[in-house]
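Peer 1: Here is how the chains run, residue by residue.
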Amino acid sequence: MVQRWVLDEIIDPFGAKVVVDRAPDGTVREARFDLAGLPRVDALLTGHPVAEVPSLVERLCGVCPAAHHLAGIRALESLSGGVALPTAADLSRRLLHHASAIATHAVRAVTTSRDDAVTLRRFAKEVTVAVGSPGHFPATAVPGGVAVPVDAEARDRCLTLVPAALAAAVRIAERTLPVPGPVDAFTGADVALIDEKGRPDLLGTRLRAVAADGRVVIDAAAAAEWDRLVAEAVPGDPAPRPYLLALGPERGRYRVGPVAQLRIGGLGTPQAAALQADWSRRGGHAAAARTVVTVHSVEAIAALLARPELLDRRVRIDPPDRTGPGVGIGWVDGPRGLLVHRYQVAADGRVSSATVLTPTAQNEYWLAQLLRRAIDTGHDPGHPAGESGRGQTGPIVELEDAIREADPCLPCSSAPVGAMGLVVEETVPDAPYDPPDQVPDPSGGQ
Amino acid sequence: MCVSVPSRIVRITPGVLPMGDVRVGDREVSCCLAYVPEAQVGDFVLVQNGFAIDLLDPESAALSLSAFAELGVLDAPEDL
Chain A
505 MVQRWVLDEI
515 IDPFGAKVVV
525 DRAPDGTVRE
535 ARFDLAGLPR
545 VDALLTGHPV
555 AEVPSLVERL
565 CGVCPAAHHL
575 AGIRALESLS
585 GGVALPTAAD
595 LSRRLLHHAS
605 AIATHAVRAV
615 TTSRDDAVTL
625 RRFAKEVTVA
635 VGSPGHFPAT
645 AVPGGVAVPV
655 DAEARDRCLT
665 LVPAALAAAV
675 RIAERTLPVP
685 GPVDAFTGAD
695 VALIDEKGRP
705 DLLGTRLRAV
715 AADGRVVIDA
725 AAAAEWDRLV
735 AEAVPGDPAP
745 RPYLLALGPE
755 RGRYRVGPVA
765 QLRIGGLGTP
775 QAAALQADWS
785 RRGGHAAAAR
795 TVVTVHSVEA
805 IAALLARPEL
815 LDRRVRIDPP
825 DRTGPGVGIG
835 WVDGPRGLLV
845 HRYQVAADGR
855 VSSATVLTPT
865 AQNEYWLAQL
875 LRRAIDTGHD
885 PGHPAGESGR
895 GQTGPIVELE
905 DAIREADPCL
915 PCSSAPVGAM
925 GLVVEETVPD
935 APYDPPDQVP
945 DPSGGQ
Chain B
2 MCVSVPSRIV
12 RITPGVLPMG
22 DVRVGDREVS
32 CCLAYVPEAQ
42 VGDFVLVQNG
52 FAIDLLDPES
62 AALSLSAFAE
72 LGVLDAPEDL
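Chains as they are written, first to last, in this note's numbering: chain A, 505 to 950; chain B, 2 to 81.
In case anyone wonders, no lab produced these hints; they're calculated from the structure.
From a predicted model like this one, the values you see are computed outputs, not experimental measurements.
Every residue, glycine too, gets a C-beta built ideally from N, C-alpha and C.
Be aware that one or more of the hints could be misleading.
[Claimed, not checked] Quick list of simulated restraints, FRET-style, between CB atoms:
{"#": "1", "chain 1": "B", "residue 1": "LEU18", "chain 2": "A", "residue 2": "LYS629", "range": "22 to 30 Å"}
{"#": "2", "chain 1": "B", "residue 1": "GLN41", "chain 2": "A", "residue 2": "ALA527", "range": "47 to 55 Å"}
{"#": "3", "chain 1": "A", "residue 1": "VAL720", "chain 2": "B", "residue 2": "ARG12", "range": "36 to 44 Å"}
{"#": "4", "chain 1": "A", "residue 1": "ALA540", "chain 2": "B", "residue 2": "ASP27", "range": "46 to 54 Å"}
{"#": "5", "chain 1": "B", "residue 1": "GLU71", "chain 2": "A", "residue 2": "ALA540", "range": "20 to 28 Å"}
{"#": "6", "chain 1": "B", "residue 1": "ILE13", "chain 2": "A", "residue 2": "ALA540", "range": "24 to 32 Å"}
{"#": "7", "chain 1": "A", "residue 1": "GLY585", "chain 2": "B", "residue 2": "ARG12", "range": "29 to 37 Å"}
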């Protein structure tokens, strides 16, 4: 039964698996990260009232509930023809989103900078509480705005924590930037959201795509254009290999996430912008990119908290009462990159088809390139099929580095070196070619 | 998509990488508790691919399990 299989996969204690596909001569044809533990839930959403879908999806995920929460609400608003949010509501949503990015990225620093990581997590928690999301699952956004206004006392509590949080974020970035990382040899494009000035914006309404050679493929597209921007090469698959339609299935491969966010434009906050320039000079790997984005998010929160409109009591408008038929598309640039919710809705207000395109699915090709490179550089794992790589040194560490770089949405991505519980599985090479016995051609030749 | 399942801790094995046995649906599975050092037996945790990633209060766990049941990937919880 499919549903049971899904559940068994997602509770598998050590599900992180790299599959190495070999040619008959033993050379590696492809290495890829097995996404079986990250099933597509799109089909499960069909038939549900569209208004319930955002909360269903965020409850299923749990790792990035804020990103799903905001993308889902944006998709509902898109279905209503778009909503001009009250300023206070936009500011509150941005606070939630940046705090979520900080909380996610700070986990990476726990092993190297424990006190700073804890400072950042506490700061992020205080901000999410201030915008009405005290629990693990956010309750901030509602269609047309946010559920509750921010009060001055909560705002002030957050403001008092800003200096320590910014200092912690900068310390982590300055420690991380000089550490060498994988060489960035990605041949695809970078895709991220931007603001009206073309700067990276985690809650932007426009999308930019920049090719590896720096050419701008998409300048500033709106979410409503999504169907003309990106297609899945293997629709509905956990590894759908999406691509930019402008470049086609091969050349149009792309990645999302902090590296893409830093490569598509200059950050709009001063300390992060200076660190971004340093990051670019050093070659730009993902671990450092995450720390730069963290600094940016702390600075962004400081600026948002300083806006007097944040305390406005008008935080919601009634969106037009239109739940179908039609298509609603919502996106955010989450901690791991672009997340897209697309709901197609029938006349009865129920979902006729849904697509939840995650950063992990979009980055699967990038991760495959990184894994292939880790093996090609002489670190072939060489384990027999199914043998656990745990406890091995060298090759497993290289493969772990590749996984940390692309950062698939699995807890193992944050595991300490050597503790990822990675399993390497090799496909059985094709048997040597054994020509069939010669059979007389009934046509007599030709 | 990443999927995490609310589960109740029934046993904890301390260590450098503390492990726990959690009940999810009608099964008990082992998971790593390194990210939730404050977890106690009886607590609800969100489990994803063998790691408990956060604590949940019982009300929130019930809401999540209801979402799983509604989507048909998990039987409705009986012990909440």
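Peer 1: Work down the list of hints and note, for each, if the structure agrees.
Peer 2: Okay, the hints, checked on the actual structure:
1. Between B:LEU18 and A:LYS629 the C-beta distance comes to about 25 Å, which sits within the given range of 22 to 30 Å.
2. Checked against the hint of 47 to 55 Å, the pair B:GLN41 and A:ALA527 passes, with Cβ atoms roughly 52 Å apart.
3. Checking the proposed 36 to 44 Å range against A:VAL720 and B:ARG12 shows it is violated: the Cβ atoms sit about 55 Å from each other.
4. The hinted window of 46 to 54 Å between A:ALA540 and B:ASP27 is violated, with their beta carbons roughly 22 Å apart.
5. Distance hint check for B:GLU71 and A:ALA540: the Cβ-Cβ separation is about 23 Å, which falls inside the suggested range of 20 to 28 Å.
6. Here the CB-CB span from B:ILE13 to A:ALA540 is close to 28 Å, well matched to the stated 24 to 32 Å.
7. Between A:GLY585 and B:ARG12 the C-beta distance comes to about 53 Å, which lies outside the given range of 29 to 37 Å.
The structure shown violates the earlier hints numbered 3, 4 and 7.
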